[in-house]
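*Asks:* Sequence:
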Amino acid sequence: MNKLFRFTIILIFLFTIAVGYYFYIWISFEPEDPLGGDKEELALTIIKGPA
2 MNKLFRFTII LIFLFTIAVG YYFYIWISFE PEDPLGGDKE ELALTIIKGP A
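Residue numbers (our numbering): 2 to 52.
These aren't lab readings, by the way, just hints derived from the structure by calculation. Keep in mind it's a predicted model, so treat the numbers as computed, not measured. Cβ atoms here follow ideal geometry from the backbone N, Cα and C, with glycine treated the same way. Be aware that a few hints might be false.
Ranges between beta-carbon positions, derived for each pair [stated by the list, open to error]:
id : residue 1 : residue 2 : range
1  : Asn3      : Tyr23     : 25 to 33 Å
2  : Met2      : Phe30     : 39 to 47 Å
3  : Phe8      : Ile28     : 26 to 34 Å
4  : Tyr25     : Leu5      : 24 to 32 Å
Go ahead and model the full structure; you've got the sequences and the hints to work with.
*Replies:* Structure (structure tokens):
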């Protein structure tokens, strides 16, 4: 039981590191063209046609 408990703690620790790294990447991500709009906006412009 002691080895299983230790293995579980290690897995929880690794999962916490992975989630923290994911949030770090997510927060620090900067798009290449921040003022150019996104793909959804471009798709809506194409569907609606020029104004």
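*Asks:* For every hint, state whether the structure bears it out.
*Replies:* We went through each hint and held it up to the structure:
1. Between Asn3 and Tyr23 the C-beta distance comes to about 31 Å, which sits within the given range of 25 to 33 Å.
2. Checking the proposed 39 to 47 Å range against Met2 and Phe30 shows it holds: the Cβ atoms sit about 42 Å from each other.
3. Checked against the given bound of 26 to 34 Å, the beta carbons of Phe8 and Ile28, roughly 31 Å apart, stay inside it.
4. Checked against the hint of 24 to 32 Å, the pair Tyr25 and Leu5 passes, with Cβ atoms roughly 31 Å apart.
Checked against the numbered hints above, the structure breaks none of them.
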